[in-house]
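K.L.:
What follows is the residue order along each chain.
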Amino acid sequence: MPNPVQRKAGIVACSGEELAEGTVTRLAALKVLHELRPANTVTICLPLFLAGGEGDRAFARFHPTITVDGCELRCAARGTEMYSGKPAASIVVNELAEKRGVGKIEGRRCLNEAGKQAVDVTAQRLAELVDQFVGKGETSERATESVPVTNEAKVAACSCESGVSVTELLIAGETVELLALPLVFRHCQEEKLALEDAGEYLVQNVKIHNYVPPEAEASYREAILREYGAFCARKESR
Amino acid sequence: MNSTKVPVIPCSGIGKSLGSVTREAAYELCDTLRPDRTQLVALSKLVLGEEQARERVRSGLSVTIDGCKQMCAAKLVKHSGGKIAREVAVFEVFRRYKELKPEGIAELNAAGKQLAGALAEEIAAYIDEISEGGSHA
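Chains as they are written, first to last, in the working numbering: chain A, 1 to 238; chain B, 1001 to 1137.
Derived from the structure by calculation, the hints contain no laboratory data. Yeah, the Cβ is synthetic: ideal placement off N, Cα and C, and Gly gets one too. One thing to keep in mind: the hints can contain errors.
[Stated by the list, open to error] Chain B regions said to be covered by chain A (calculated; three or more residues, Cβ under 8 Å):
| hint | region |
| --- | --- |
| 1 | 1011-1017 |
| 2 | 1046-1052 |
| 3 | 1092-1103 |
Take the sequences, apply the hints, and build the full model.
P.N.:
Pasting the structure below:
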């Protein structure tokens, strides 16, 4: 069986501007994204769940998502669940900091020493959770690929560059939204599978990111293969 | 809470430097330049629909500061039933200060901080105008 499409963990920070703990969430998320697990993580700005499009709201359905909040309001965890999908795990900075014996966090604009320590503690915990959900240390080209933009798929255009493609397909007379179809197609092409052999690979990988009703699997396979054929033809014509 | 304070809402952008500029500008404005006339409101609370935060943006005219074209802060204030005195888009402001190219996200470079400072000064002047009965509102 060819390799499945690599998944990345999503990290959503509350970034709460009013509290020093909000600054901790932001800096801890950035530390994981840029230093600790750059190949295995992506992020999205929390407000995009409301202000963005379908591709943004699909984020937590596509990525196993870890939320990190500064306080017990848990805006990131609850907002993600309300508008995108249930987070795979959640961290609350002030609870974690207390548990780890970190002192009083202060300085929303410029963190004090306890705040900096809280950033490290939170980032480490985030990295552990990332490893738990998507594995550790994958640094191949495949793991660092982003979701491709196609004419057919709607994606986010935010500065966090985290949009998930959403493609509409007509399946058995009904319009169905599928996540990450261009990504699955691109990986299928890289596997160099002949069109007649691609059906099983495509369906299995589409199932990673979408629910495929068992009774409708044959219809999904037919529609996905048809779309894949069109995708390949478009690539060849460029 | 002083209800006469102008709510200031930066965008929380975490992907690029311009998002960090919005945050830095909001802190410069609310903590240093006009602490008596402004109040920072966390955008995440508006995402959640937290009632106190919604009330704050409904109680008067707000200033929003956004880092990208999605304009999350402006959209969320409107979504919460608030009205906006001034929608600031940092990428537009940057066009007027091209020598101040922001870099870094977790830690903004000096140019980014200067851009944030210039932006905060502009908003402070605007807030003075509307607070003193100017015609912008």
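K.L.:
All hints, please: hold or fail.
P.N.:
Do the hints match the structure? See the list:
1. 1011-1017: holds (count 6)
2. 1046-1052: holds (count 4)
3. 1092-1103: Contact hint for the region 1092-1103 of chain B vs chain A: violated, 0 residues under 8 Å.
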